[in-house]
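J.: Here the structure of chain L is known, so what remains is to put chain P in place on it, guided by the hints.
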Amino acid sequence: MATVHSEDIAEPAPQSGKGIREYLTSHLREYGLLFALIAIMVFFQLVTDGTLLRAVNVTNLLLQNSYIIIMALGMLVVIVSGNIDLSVGSVMGFIGALAAVMIVNFDQSMIVTVIVCLIAGAAIGAAQGYWIAYWKIPSFIVTLAGMLVFRGLSLWLLEGQSVGPFPREFQLIANGFVPDIFPSGIGTTLAAIFDVRKVNVLALATGVVAAGALVWIGLRQRARNRAYGIVDEPRSFFIARNAIVAAAIIFITYKLSTFRGLPNVLLTMGVLTVIYAFLTQNTIIGRRVYALGGNAKAAKLSGIKTERLTFLAFMNMGLLAAAAGLVFAARLNTATPKAGFALELDVIAAVFIGGASMSGGVGTIVGAVVGAFLMGVLNNGMSIMGIGIDYQQMIKGLVLLAAVIFDVYNKQKQG
Amino acid sequence: MRDKARADMTTLLEMREITKEFPGVRALDRVSISVRQGEIHAVCGENGAGKSTLMKVLSGVYPAGSYDGEIVFEGKPIAFRDIRDSEACGIIIIHQELALVPQLSIAENIFLGNERANRGVIDWHETNRRTEALLAKVGLKEPPTTKVDSIGVGKQQLVEIAKALSKEVKLLILDEPTAALQENDSRKLLDLMLELKAQGVTCIIISHKLGEVRYVADTVTVIRDGTTVSTLDASQGLSEDRIVRDMVGRDMTHRFPDHDRKPGETLLEVEDWSVWHPEHAERRVIKDASFTVRRGEVVGIAGLMGSGRTELAMSLFGRSYGRNISGQVRMDGKPVDVSTVDRAIGAGISYVTEDRKSLGLVLDETIRFNTTLANLDEVSSGGVLNRNEETRVAEKFRDTLAIRTPSVFQKVVNLSGGNQQKVVLAKWLNTMPEVLILDEPTRGIDVGAKYEIYTIINELADQGKAVLMISSEMPELIGMCDRIYVMNEGALVGELTAAEASQERIMSLIVNK
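Top to bottom, those sequences are chains L and P. Quick note: the first sequence uses this note's numbering, first residue 1, plus one each step. Quick note: the second sequence uses this note's numbering, first residue 1, plus one each step.
So the derived list for chain P, only partly shown, Cβ under 8 Å to chain L, looks like this:
hint, residue
1, Val341
2, Asp342
3, Ile345
4, Tyr351
5, Gly360
6, Asp364
7, Glu365
Below 35 Å or equal to it, Euclidean Cα-Cα: the simulated DSBU-like pairs (lysine-lysine) are:
hint, chain 1, residue 1, chain 2, residue 2
8, L, Lys297, P, Lys56
9, P, Lys396, L, Lys305
10, P, Lys357, L, Lys136
11, L, Lys297, P, Lys209
12, P, Lys334, L, Lys305
13, L, Lys300, P, Lys334
14, P, Lys76, P, Lys56
15, L, Lys300, P, Lys287
Covered stretches of chain L (chain P as the covering partner; in silico rule of three or more C-beta atoms under 8 Å from a C-beta of chain P):
hint, region
16, 271-285
17, 298-305
Hints in this document: simulated from the structure, not taken from any laboratory. Just so it is clear, CB atoms sit at the ideal spot from N, CA and C, and this is done for glycine as well.
Isolated chain L, as found in the complex (with noise of 0.2 Å):
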């Protein structure tokens, strides 16, 4: 929960030093998210001589990422409804198989095989959907028994090879930028004032404008929330979270345009993560996904059809690990059967920290894509210090670990 709803404040106006202390206590966890993650990158950053936000890193950081981050939004409409998927990781890896044996075996289009991995990705979803949601049976197995059988499908499918390369076309999923649509004086003149070699205008532009959106967006909450005499969080908070926020996004933003500009593979994680989000905010069948999560009996019986919405769920969930697949599979240029190992733990790790509860219910798509985007900065940080993998895997743990007994912390002392 890294944006802080305000509709999820009851308290009384914080107008005092005390007002603003309860409202921080009441919304720690969104706050302690957001500043976890800049004291991590603050840290990285120091302790890297400055490698971490190096342009080609910044960059670097967000493709390795990416399909963790599209696979954390289905696992969090999945979590969020009270359930987990634990197959995500081998259908990933399986999907990657298939588009590597369709193009690479059999010459197959890379339209054709785009679609065909996506209705597979989906079918997969939808056949693990059917038992949990129709048949009762608890996702935690059924994902389980799909994790090994997807595995042991992909190291049928390319019987126990790694088979590639992709074409040029295929790799761009993953490795290619958005090129630059403004005209090239633009970028020339800017590049001389930032004093840089290029500046990637359509990248900056992008991310000026996805701040200022943001932003915008934030004050017409708020303006709203005046309207209904809803208690809104203190400006002084407002004004500095979002102007981090908005910072942060234009730097990044400016890093990616002074390399290669905007990678096709943020565009379309950008995109997924605005719809999912909105998806679960603001439309009847997000809504729908945290009553059942919440309280499935009153859900039920509320004339919500639960078991055709967990169904959905975990479609969507296969679809997303499809696309996921697609991404992974051109970033490494070949699909191994081990693509995707042990990747669910990342997802749903991602999701927990960015403030899922396990019980279902709670949790939001911009918490878990934090969650997601915490955990890389971690691994890539780690990576570049030179940390083993060894001490990596124990530091991930205890931060996973840290963040679920913060939250339960927190919900303790608030009673």
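T.: Relative to the frame of chain L, chain P by itself:
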């Protein structure tokens, strides 16, 4: 026995000027209570008055230091750090929600955390032998190895008491022990309390049911808004009116609001409704039930727990219970499809569930979230929610139903029982129903809130809605309904008009079947 108990009426427990604050709320404000050795002391008060908080202070749930004031037990000041401390002193609390493990046996439950064992190995012989003795004390004949989930709630309550007795209890606290019990089970429990008293056990009972309080209590302490209002002695006679007046802070000569109903045309007709058990295919749970409800009429269904009242309602409401359902449902003379919940809602039927916490509300969500949940179409266009519209709807119901809350963004888990029930009602009224089925609409809520719920029901009837009301409290049905159907073992066995209805006649219809 009684005289002996009277003879040594020394003070066992004294709580002086207890003040407990939560952020923003003073839950207890200098509450004092004094309990004599060997008496049954009733604590009465509306929901949210502070009874449960007081008991949590006493039993160490809120540790010493988190409240102000003084507790003296057996003449010594005490300061408990947790429940284990208070249990070691012989103060044992039985909560409203029973704390038994359903999958374990009675004996295992009774000695849970207190196992009869030798070096960690459980002595089953000793465990079962002692359990039998304890069960005999509370009047249970079940073998000690019976699984707890195979006995009813009433007997589970007795198991809880047996568990308390296994711990050398000096002061037994029962928090609304009969809330989930039928009349005859309640009576048994109350008689057991009197028997324990005779054996020298001191009891504190928290209850809404004033009849019970009058039946067992020697002393009554009434708490209102976190302060002690009065302490009444049973030897001078307890009047229910006096207790109610102290609880709500106003006179309440009428427990039920006046109503003058003019029922119109027949709206709901159910004919030959039969339902089979979802798991035991050969068991017919509802047997050829036929009934009608007219517009502007409040019709009651009386019956013991397990008689099939809830099953009837749930099977009507989108087949939420049972299978192989047969029968006809007509509204305004035309057959309607109630085969799924959303079709039933679409047909204009609402069902306010018996158990609001587990079936009615998403507790961790806001009043607004819950209010609009059953009719999201109304506050959206093209599948996209309009939050402002949602807020407006929720605030409208907050005002019309007088839901006491600072804002509709309050989580319902923080509301009192009565206000939670109003949120459930708001959710269903928001679906604009013609027929409202209310299943135990006032269970576990206090006198004042009950009155408000009754008033709302009357208003709904006046608006021409058909209300079907299921209740275990017969006075409530008699006080509210125009007609009462009596249900027993899945069949409707009788029908009484308001003029004919009395507790005796209802019971005799049940018994004479």
